[in-house]
Amino acid sequence: MNRWRSSGFRARRWRWPKISWSRRRTGWKASGWRSRRSTTVQVDAKSASSGWSSRQSKPKRKRRAFFIALVIFTLLTVQLFVYVDRNVKGPLMHLAKIRVKQIATQAINRAITDQVMRGRELDKLIEWKTDSRGKVTSFVLNYNEHMRITSETVDIVESSLKNIHEISDKIPLGQALGSPLIASFGPRIPVKMEPQGAVKVELNTRPMDVGINMVLVEVYIKVTEEVAIVIPFDLEPEVVETQIPISYLLVVGDVPMYYYDGKGQPVGANREKAPALSLPMQSIPNSGGSGSGLGSKQGGITVPAQIEPHAPPAPADTGDVQQGGHEG
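Sequential numbering from 1 applies to the sequence shown in the numbering used here.
Note that these hints are calculated values from the structure, not bench results.
Warning: the hint list may mix true and false statements.
Cut-off 35 Å, straight-line C-alpha distance, at most; resulting in silico cross-link-like pairs (DSBU-like, lysine-lysine) [said to hold, decoys possible]:
| no. | residue 1 | residue 2 |
| --- | --- | --- |
| 1 | K124 | K101 |
| 2 | K101 | K170 |
| 3 | K101 | K89 |
| 4 | K135 | K263 |
| 5 | K135 | K124 |
| 6 | K170 | K89 |
| 7 | K222 | K192 |
| 8 | K101 | K222 |
| 9 | K222 | K135 |
| 10 | K89 | K192 |
| 11 | K170 | K200 |
| 12 | K200 | K97 |
| 13 | K192 | K97 |
| 14 | K192 | K162 |
| 15 | K200 | K101 |
| 16 | K101 | K192 |
| 17 | K124 | K162 |
| 18 | K89 | K222 |
| 19 | K162 | K222 |
| 20 | K97 | K170 |
| 21 | K200 | K89 |
| 22 | K162 | K200 |
| 23 | K222 | K200 |
| 24 | K222 | K129 |
| 25 | K200 | K124 |
| 26 | K124 | K222 |
| 27 | K97 | K222 |
| 28 | K97 | K162 |
Can you build the whole structure from these sequences, using the hints too?
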């Protein structure tokens, strides 16, 4: 076989590869340049694929950690919100009651001030009834003036409530911890409250004894106001009742000839001429005697004994006054 030489390269003998057409051995691989190239490409592909998978696993871990942290943060936030809501509710309701009383008092005072400034003739509220001698026997309320004052008071109070649309206030977060030391610390939580209410007005009189023959009649307005503070997700009603006097009338009657104290003894300048009075006898409980007593027990039930009525004592003489004893 002829030798072949190439110019510029190392001389090398070229031979035909030996090819056997017999049965191929197990695990046989061709030793050509293509087989080496394919194996190299496969190794590079494996190494590249392993590097890509490692790069892909890192973002998955980050996403999982972020999701777990987000869930924990959400649970803690909800728990903190529920805790603060439960502990702030008490101070918030107390503040709402105070605001309700302030609003109701302001509305009532405004109504009364408006009534006084209008110059109502309050003397027309009461109509006196007299006898033939001109003495006062009774009195009644003037219905027209009564209804006019009542309706105007209701309108003024309701208009005062309508003018107050919202009440804004702030409660420190330290109130939720229940400690008096840190109750005023922490961020302040803004709260909006809306007043709603109904008004009931009554005009009444009240007599008061001033002396033996004098009666002071007081005319007053009774304002019952039910005001509620509407807080988000809650409602706190409060009833405010106020009695404001608007007029006083003094009724002077006749002086009695005789009058007595609490013990039944006559007092005053004419006590010597006053007739004697017999006070009712007080019942004395039975000490267990069988014959005498005010009652007897029958089957566990006390049956009162019948007492015969006694004759009233004879009137005392004009000049003599009994001091509580009798002559023996």
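Hint check results:
no.: 1; hint: K124 / K101; verdict: holds, 32 Å
no.: 2; hint: K101 / K170; verdict: holds, 18 Å
no.: 3; hint: K101 / K89; verdict: holds, 19 Å
no.: 4; hint: K135 / K263; verdict: holds, 31 Å
no.: 5; hint: K135 / K124; verdict: holds, 19 Å
no.: 6; hint: K170 / K89; verdict: holds, 13 Å
no.: 7; hint: K222 / K192; verdict: holds, 30 Å
no.: 8; hint: K101 / K222; verdict: holds, 16 Å
no.: 9; hint: K222 / K135; verdict: holds, 30 Å
no.: 10; hint: K89 / K192; verdict: holds, 14 Å
no.: 11; hint: K170 / K200; verdict: holds, 32 Å
no.: 12; hint: K200 / K97; verdict: holds, 19 Å
no.: 13; hint: K192 / K97; verdict: holds, 14 Å
no.: 14; hint: K192 / K162; verdict: holds, 16 Å
no.: 15; hint: K200 / K101; verdict: holds, 16 Å
no.: 16; hint: K101 / K192; verdict: holds, 17 Å
no.: 17; hint: K124 / K162; verdict: holds, 32 Å
no.: 18; hint: K89 / K222; verdict: holds, 32 Å
no.: 19; hint: K162 / K222; verdict: holds, 21 Å
no.: 20; hint: K97 / K170; verdict: holds, 15 Å
no.: 21; hint: K200 / K89; verdict: holds, 30 Å
no.: 22; hint: K162 / K200; verdict: holds, 16 Å
no.: 23; hint: K222 / K200; verdict: holds, 8 Å
no.: 24; hint: K222 / K129; verdict: holds, 25 Å
no.: 25; hint: K200 / K124; verdict: holds, 23 Å
no.: 26; hint: K124 / K222; verdict: holds, 19 Å
no.: 27; hint: K97 / K222; verdict: holds, 21 Å
no.: 28; hint: K97 / K162; verdict: holds, 18 Å
Checked against the numbered hints above, the structure breaks none of them.
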